[in-house]
Each structure stands twice: as structure tokens, then as C-alpha cells.
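In our numbering, the protein residues as written are 50 to 270.
The set of hints was computed from the structure by calculation and includes no laboratory data. Among the clues, some could well be false.
Said to hold, decoys possible - Calculated lysine-lysine pairs in the BS3-like style (CA-CA distance at most 25 Å, straight line):
1) 76 / 156
2) 53 / 174
3) 61 / 157
4) 157 / 76
5) 174 / 220
6) 85 / 53
7) 85 / 141
8) 53 / 151
9) 220 / 156
10) 254 / 220
11) 249 / 174
12) 121 / 174
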Amino acid sequence: FILKYSFRCFPKNSIFLCVVDPEVGSKRGSIAIRTKNYFFVGPDNGLIYPAASDDGIVCAVLLENRKYFLEKISSTFHGRDVFAPIAAYISKGVPIEDFGPKVSSIKKLSIEEPQLDREGCLVLKVMYVDDFGNVITNLNEEYFTSLLAREHSIEPSTISLEVGGSIYRVKLVKYYCEVGEGSLLALFDSFGLLEISINKGDASKYFSLKEGDTIRISFQE
Numbered sequence: 050f051i052l053k054y055s056f057r058c059f060p061k062n063s064i065f066l067c068v069v070d071p072e073v074g075s076k077r078g079s080i081a082i083r084t085k086n087y088f089f090v091g092p093d094n095g096l097i098y099p100a101a102s103d104d105g106i107v108c109a110v111l112l113e114n115r116k117y118f119l120e121k122i123s124s125t126f127h128g129r130d131v132f133a134p135i136a137a138y139i140s141k142g143v144p145i146e147d148f149g150p151k152v153s154s155i156k157k158l159s160i161e162e163p164q165l166d167r168e169g170c171l172v173l174k175v176m177y178v179d180d181f182g183n184v185i186t187n188l189n190e191e192y193f194t195s196l197l198a199r200e201h202s203i204e205p206s207t208i209s210l211e212v213g214g215s216i217y218r219v220k221l222v223k224y225y226c227e228v229g230e231g232s233l234l235a236l237f238d239s240f241g242l243l244e245i246s247i248n249k250g251d252a253s254k255y256f257s258l259k260e261g262d263t264i265r266i267s268f269q270e
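Model the full structure from these sequences, guided by the hints.
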């Protein structure tokens, strides 16, 4: 999630070394990808796909040329022994095609889309909880706008939020300061995603929400 929504903030030709690798030592592939503007290096487990596909994949290769690895490869630390050296060689101008054969497909990992249930409520996933306790969902503003155009005559000022069987009325705003301190609010954040927050408070603790949890919302005009 963080990679997908932050990579565009980096300068062109930045190299992203991405290692979340619980399958280290298995038959999972190791890949380097060149996109239109960036490079990505890491395990082929879906981690890289959302960001790389957003920018447009130009070339992807398997990392098989041991010339570019450390001489001794740990069974549990490919981040140090395989991926980091590859990233360093890319920074020195080595073409990724030198690292191994091209691959036509990589493992895909997609961010789940909001779902509309039979009652007309949107079922959302909690994608991320930031350091302030703001709860970031998978509802993007573009989807929200298109839904409003189909289902509502005016933009709602309040949403009904259902969490754990309880329903809360939450004001939909553009700025945190539009509600009083300690008050609930919802807004579209800098990622363009719906965020549930408390002004100067911790929404994740208030609702006991964590990444992967489900919430339901409906709109009130």
C-alpha cells in the first residue's frame, strides 16, 4: 500500500528495493523491473506489482546471473545478498537485462475494490492506519464521485459509518479543522482515499480498527 501510493513522490529513475519476503528460500522468483520512470527490485510475491503496473512495466527479468550477487548467499537474507547488490548495480548503470532472462508475467497482487452490498451500503477495507491513528480505506475519490453521479442528486455532508455493529454519523469534510477537537470526521486524504479520523484523536483506537478490517458506509444528503 505505502509503495503504491508513494513511489511517484520520488525523482525519476529512483530504485526501489522492496523486500518483504516470508518465502525466502522457496521457489519464489527474484525480479528486477524497469517501468516508464523507475526501477523495482525484490521477490516475485506480488509486493512490487501494484506500483510497477501503475507506472507501466517496460521490462521484467529474473535475477539469475550470480555474477551480480554477493559471493556467499545466506539462506535467509536475500535482501542483503541478492537484492541489494542488484539495486547497487542498477545505480551504476548496469542494464537489468544483464541480470537474467526476461519474464512475460509476474505475480499480481491487487488492492481490493470497494463493494456495494444489497442494502446499498459500501463495504470498505481498512488499508492502512497511520501514526496519528487515521484509518485509511480503499475508497478512492474518483469512485466516490462516479457513485454520487449515479445514486445521489447532491454531495452528502454526512456519512453513516458502521463498525462492529454500531452506527456512527460522521461529517464529510475537506479539512480536519472543520470539526471540533475530539470530533469524528471523514475526508479524502492526500492519497485521494477516504480517511476516517478524529480531530486531534486516534480513530483506530476509538473504533478498535486495524489493517484488513471491514467497515460499511452509506451516504446522507
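Evaluated hints:
The hinted pair formed by residue 76 and residue 156 meets the criterion: a straight-line CA distance of about 13 Å does not exceed 25 Å. With a C-alpha separation of about 16 Å, the suggested pair residue 53 and residue 174 falls inside the 25 Å cut-off, and the hint holds. Restraint check for residue 61 and residue 157: the C-alpha separation of about 24 Å stays at or below 25 Å, so the hint holds. The straight-line distance between the Cα atoms of residue 157 and residue 76 is roughly 16 Å, inside the 25 Å bound, and the hint therefore holds.
Our distance criterion of 25 Å between C-alpha atoms is met by residue 174 and residue 220, whose separation comes to about 19 Å. Annotation: proposed proximity of residue 85 to residue 53 holds, straight-line Cα distance about 15 Å (limit 25 Å). Among the hinted pairs, residue 85 with residue 141 is consistent with the structure: their alpha-carbon atoms are about 18 Å apart, no more than 25 Å. Restraint check for residue 53 and residue 151: the C-alpha separation of about 23 Å stays at or below 25 Å, so the hint holds.
The straight-line distance between the Cα atoms of residue 220 and residue 156 is roughly 40 Å, outside the 25 Å bound, and the hint therefore fails. At most 25 Å may separate the alpha-carbon atoms for a hinted pair to count; residue 254 and residue 220 meet this at roughly 19 Å. Distance check on the hinted pair: residue 249 and residue 174 sit about 23 Å apart at the alpha-carbon level, within 25 Å; holds. For the given pair, residue 121 sits about 42 Å from residue 174 by alpha-carbon distance, which is inconsistent with the 25 Å threshold.
When each numbered hint is compared with the structure, violations occur for hints 9, 12.
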